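With the hints as extra help, turn the sequences into a complete structure.
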Amino acid sequence: MTVLSDAADIGAIDASSGTFSLKSFVYSANKRIQGYVACDTTGAAITQTSVAISDPTTPANKAAVQLLHNTDAQVFTGSYGLLTGGVGLILNGAGTYDRQRSASGDGQASIGILASSNSLWNGTSFDRQRTVSGDGVTATGVPLEAPALFNGATYDRARGVNGMALTLAFGDPRISDGAGNLVTPVSVPIVASAAGSTVVVAAQAGKRIRVLSLSLACAAATGVQFLDGATALTGSYPFGANGGIAEPHNPAGLFTGTAATALNINLSAAAAVGGRLTYVLV
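Under the working numbering, the residue at position 155 of the sequence shown is numbered 155, and the numbers go up by one with no gaps.
Rather than coming from a laboratory, the hints here were simulated on the basis of the structure.
A portion of the hints provided could be inaccurate.
[To be verified] Pair by pair, the computed Cβ-Cβ distance ranges are:
hint, residue 1, residue 2, range
1, Ile90, Asn181, 46 to 52 Å
2, Arg276, Ala220, 37 to 43 Å
3, Thr131, Ser193, 55 to 61 Å
4, Ser102, Gly136, 23 to 29 Å
Just so we're clear, the structure is a prediction, and the values are computed from it rather than from any experiment.
Glycine included, every Cβ here is placed at the ideal spot set by N, Cα and C.
Now the structure itself:
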């Protein structure tokens, strides 16, 4: 191949630019143009390591072409456009470019963009957001998915206790046992006739019996008292013949016994006594 140093050899071509002249063309023996070589104004070939492409409207603005942008805080003063070799970039608050980040762990540096997972700023760095699938979740990121409250060290799921809001489906009879658990009330009959104590609810290992509501009536005059084993839970109700009482539902409990102790009804005199009470084990 031959290098033509005179553009007139191939016709009236003026390919001058502000930085170099396209005045030398490479062509084959059959005179077809194969390409060009960048030359200075004297016709000498220029070895180019990069190319600055000028804006035709504002020649001072040039597009910087880079092979790879593999560091942070890169400065492109007076240049437009980036060829980054597949590395995602973001302009930071300082006006330079940082590589984008993905949040594969916590404590990510505040450089670039945390992409692949949702993240929040913890005041120093970025942490991944959390879901609350149990209690004791680390106090990093934001608990999602289930309502949660901070216990002073970690996050626990919200419960219907100690002021924590808990929403139950319509018609759900469960209530809080005061320890963060939902329990279902149980209703049992009251049946007694002999003077002295009669078991209404048997003792439950490790559990206390909390009475939520009760109603009863007496066929004959007698005194009625509820006991925690042998310990009084109420005073003695003095009823005449056909007398009785009805205590409405109280979710906090009318009275509560001690753990592993039976709930008894005590009659001061023999009389047929019947009724019903509702309780939960706590």
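Beta-carbon spacing of Ser102 to Gly136 - inside the hinted bounds 23 to 29 Å or not: The hinted range 23 to 29 Å holds for Ser102 and Gly136, with Cβ atoms some 27 Å apart.
Outcome of range test on Cβ distance (Arg276, Ala220; 37 to 43 Å): Once the Cβ atoms are compared, 20 Å apart, the range 37 to 43 Å for Ala220 and Arg276 is violated.
Ile90 paired with Asn181, Cβ distance criterion 46 to 52 Å: holds (48 Å)
Assessment of proposed distance window 55 to 61 Å (beta carbons of Thr131, Ser193): About 57 Å separates the Cβ atoms of Thr131 and Ser193, which means 55 to 61 Å holds.
The earlier numbered hint that this structure contradicts is number 2, and it is the only one.
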